[in-house]
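The chain contents come next:
There are 2 protein chains.
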Amino acid sequence: MHILVTGANGFIGAALCRRLLELAEQQPQRWPLERLTAVDLSTGALPTHPLLCPMQGSFADSAVLATALATPADLVFHLASVPSGRSESDPALGMAVNVQGTLQLLDRLKAAGTAPRLVFASSIAVYGRPQSLLVTDETAPAPTLSYGAHKVIGEVLVDDYTRRGWVRGCSLRLPGIVARPPEPNGAVSIFLSNLLRELAAGRPFICPTSATATTWLMSLGRCIDNLVHAAQLDVGPRRTFLLPPLRVPLGALAEAIGAEFAVADVGKLMSWQPDPWVEFNFGSYPPVSLPVAEAAGFRSDDSLRALVRAALDGS
Amino acid sequence: MHILVTGANGFIGAALCRRLLELAEQQPQRWPLERLTAVDLSTGALPTHPLLCPMQGSFADSAVLATALATPADLVFHLASVPSGRSESDPALGMAVNVQGTLQLLDRLKAAGTAPRLVFASSIAVYGRPQSLLVTDETAPAPTLSYGAHKVIGEVLVDDYTRRGWVRGCSLRLPGIVARPPEPNGAVSIFLSNLLRELAAGRPFICPTSATATTWLMSLGRCIDNLVHAAQLDVGPRRTFLLPPLRVPLGALAEAIGAEFAVADVGKLMSWQPDPWVEFNFGSYPPVSLPVAEAAGFRSDDSLRALVRAALDGS
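Just so you know, the sequences run in chain order Y and S. The first sequence runs 1 to 315 under the numbering used here. The second sequence runs 1 to 315 under the numbering used here.
Pulled out of the complex, with its shape left as it was, chain Y reads as follows:
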């Protein structure tokens, strides 16, 4: 079994690679891994392992892709993309990587003639700014950033290539995954990860939203569970899923961190200083009702306490 991961050196990608290597060790019959090709612009976060083949470069570079797929892949996790801020500031790069790169990857998988499995990491950015009172499995995408538009296009392509029998793909819309490492990644939403880490360590935190602001979160570990589940899913007519997030009021998040990590007086450590733009764009997520995604076996974290614990375990 040859697995390809794009964006393998990222926060999610590196954790996925570690999990895949564990699965290969623990369940060799179900995961008869022969090679894990891990493509990314840098590869420093990747573990050293005899089955892991790090490959430095862009998946959107046809030479890199040709080398990565010289042996056809049985399973591809396509995580790499130019993120939202960069896609706004450099639209040509966003289009080249997120749209043309994804199309090139799909065409190469099609050309192999083996209909490999494909898990495409989409994003809640496809919904744009929160617009509806409830988000369901049927809510239509309405992106308000080019990044979200590119993700919709990727979903539509994965869906059509799957309908044609060229790949066996599905797309997962990822909510905010926590807790990201402290280095800035250019995303405004990084404040959510910072809140978790700072407060758990008993340090004060200035939050750019109100305590009643709501966000959609998932721990890194649960995100990896869902990616691995998707890779084993029988692909039916429904191939695009919002991963069920926990919808979390940030005040309740602070309380849960306090309880889980025995931090005294979290109320005093937290300072709520709402920025209207952040509150609107990152603190107004509506409730979700996702029976289709849940019936397909995708899972949110079990509770807010469990999310906080898992997020700060880094697993």
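Worth flagging that the hints you see were computed from the coordinates, not collected in a lab.
Among chain Y residues calculated to face chain S with C-beta under 10 Å, some are:
id: 1; residue: Val99
id: 2; residue: Leu103
id: 3; residue: Ala142
id: 4; residue: Thr144
id: 5; residue: Val152
Cβ-to-Cβ under 7 Å is the rule here; a few derived chain Y residues that face chain S:
id: 6; residue: Glu138
id: 7; residue: Ala140
id: 8; residue: Ser146
id: 9; residue: Ala149
id: 10; residue: Ile153
id: 11; residue: Val156
id: 12; residue: Asp160
These numbers were taken from a predicted model, which means no experiment stands behind them. Heads up, the beta-carbon is just placed ideally off N, CA and C, and yes, glycines get one too.
Please arrange chain S on chain Y, whose structure you already have, making use of the hints.
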């Protein structure tokens, strides 16, 4: 004012060109037309007119596009596409024209720096096979043909380029437009136009659906009204509309043709021989509720009788 129409020689494109030339004559202040560039693979259906500049070739050919837009356009109607059957049988052509061609057109309009108006002809193919009990302004696309997938991608691109201020675009999802000329166009749905024409002429017709099958129709004239309306619409945050169709049971359509054209005994002329595949794909259209599209000024035909009359007037 320079207007560009792609797919200008088609059933809809040629009627649009005629209407634009009429408007320029009747309302020269509102439509100060200096040139109407009409691009299509052939140009035989286009009228001869001093302002009309027919250009033979594919809009997806960058040399053709460069010539067509040597003078920047103020308004573009992008109607051309590789149709559904052809996009299924020749996916590379469908992708090259419907996706890459549309993207190239958008990039050229962006490069002009004048944010021209753009009306993109999408299709009810974005909904795929009828899947919901009611289609509303909020119904999510779920295409089941590559043609529909390409149209979704076009809509997403038009929307994002408009949000960016690069064009002022909107996308209209066209229902079945009648009555198309009798020559086969490769679309199964041509039987609807044939039904109209044959029955109005008092000739018997074998219909591949039941009399209770329902379809979404619009007369060519009303379709042109809506395209022209879209070109004058102030583009708000909502930029993609299903054009409100009449939902028509085919038995009622036959009755209306009989009444409108004084055809005796239409019940005896019609022979209903449902093909399950046609019935499912072209005869199961659900009701619609489109308050957003209607508030934006898009209109269905006024009545079934009016639709039948307009469809066979060819206007």
